[in-house]
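Novice: Read in order, the letters of the sequence shown correspond to residues 1 to 135 in the working numbering.
Everything labelled a hint here was simulated from the structure, so no lab data went into it. As the structure is a prediction and not an experimental result, all values here were calculated from the model. By construction, the Cβ of each residue, glycine as well, lies at the ideal position given by its N, Cα and C atoms. Hints are supplied without guarantee of correctness; some may be wrong.
[What the hints assert, rightly or not] Label-pair distances were calculated between CB atoms; the ranges are: (1) 107 - 27: 21 to 29 Å; (2) 108 - 43: 32 to 40 Å; (3) 9 - 100: 19 to 27 Å; (4) 109 - 11: 35 to 43 Å; (5) 27 - 6: 25 to 33 Å; (6) 97 - 17: 26 to 34 Å; (7) 3 - 107: 51 to 59 Å; (8) 47 - 84: 26 to 34 Å; (9) 47 - 105: 30 to 38 Å.
[What the hints assert, rightly or not] No more than 25 Å apart at the CA atoms, straight line, and that leaves these computed lysine to any residue pairs for SDA-like: (10) 93 - 51; (11) 93 - 22; (12) 93 - 32; (13) 93 - 46; (14) 93 - 40; (15) 93 - 29; (16) 93 - 41; (17) 93 - 69; (18) 93 - 79; (19) 93 - 49; (20) 93 - 62; (21) 93 - 63.
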Amino acid sequence: MATLPPSYISMVAIFGFVAFFEIGPGPIPWFIVAELFSQGPRPAAMAVAGSCNWTCNFIVGMAFQSMADVCGPYVFLIFAALLLGFFLFTYFKVPETRGRTFDQIAAAFRRTPSLLDHEIKPSTELETLEPGDNA
């Protein structure tokens, strides 16, 4: 039995990546934007999401051969790491929208704390005393 040339294996791997991307995170911009934005900014958000999607697809298509030349057969580990990162981001940061109204989804985003939202607290109790306080 003859072995397949590496070029055929690479082509199958590329098609596999694109197929799994399109049934996985690929269509997320089209669905999630419609649920996360109100009627007013939704067209602009769809345009940005679509542009990001197509730009990333273009970058993958243009950069793949250079990456394959540098990384050899391990080039797909880069894509696997990116997909893992996208999965973790989606799992931890994108709220569940099933059965929720837009107002409930917007409130979930307002409740999610970020590093910039936290009030800076004093590190010692002395810094919490106001002038003129007698404790």
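Novice: Hint by hint, note whether the structure agrees.
Specialist: Now for the hints, and whether the structure bears them out:
{"no.": "1", "hint": "107 - 27: 21 to 29 Å", "in the structure": "holds, 26 Å"}
{"no.": "2", "hint": "108 - 43: 32 to 40 Å", "in the structure": "violated, 23 Å"}
{"no.": "3", "hint": "9 - 100: 19 to 27 Å", "in the structure": "violated, 44 Å"}
{"no.": "4", "hint": "109 - 11: 35 to 43 Å", "in the structure": "holds, 41 Å"}
{"no.": "5", "hint": "27 - 6: 25 to 33 Å", "in the structure": "holds, 31 Å"}
{"no.": "6", "hint": "97 - 17: 26 to 34 Å", "in the structure": "holds, 27 Å"}
{"no.": "7", "hint": "3 - 107: 51 to 59 Å", "in the structure": "holds, 58 Å"}
{"no.": "8", "hint": "47 - 84: 26 to 34 Å", "in the structure": "holds, 28 Å"}
{"no.": "9", "hint": "47 - 105: 30 to 38 Å", "in the structure": "violated, 20 Å"}
{"no.": "10", "hint": "93 - 51", "in the structure": "holds, 21 Å"}
{"no.": "11", "hint": "93 - 22", "in the structure": "holds, 21 Å"}
{"no.": "12", "hint": "93 - 32", "in the structure": "holds, 12 Å"}
{"no.": "13", "hint": "93 - 46", "in the structure": "holds, 19 Å"}
{"no.": "14", "hint": "93 - 40", "in the structure": "holds, 23 Å"}
{"no.": "15", "hint": "93 - 29", "in the structure": "holds, 14 Å"}
{"no.": "16", "hint": "93 - 41", "in the structure": "holds, 21 Å"}
{"no.": "17", "hint": "93 - 69", "in the structure": "violated, 35 Å"}
{"no.": "18", "hint": "93 - 79", "in the structure": "holds, 21 Å"}
{"no.": "19", "hint": "93 - 49", "in the structure": "holds, 17 Å"}
{"no.": "20", "hint": "93 - 62", "in the structure": "violated, 29 Å"}
{"no.": "21", "hint": "93 - 63", "in the structure": "violated, 28 Å"}
Going through the hint list in order, the structure does not satisfy hints 2, 3, 9, 17, 20 and 21.
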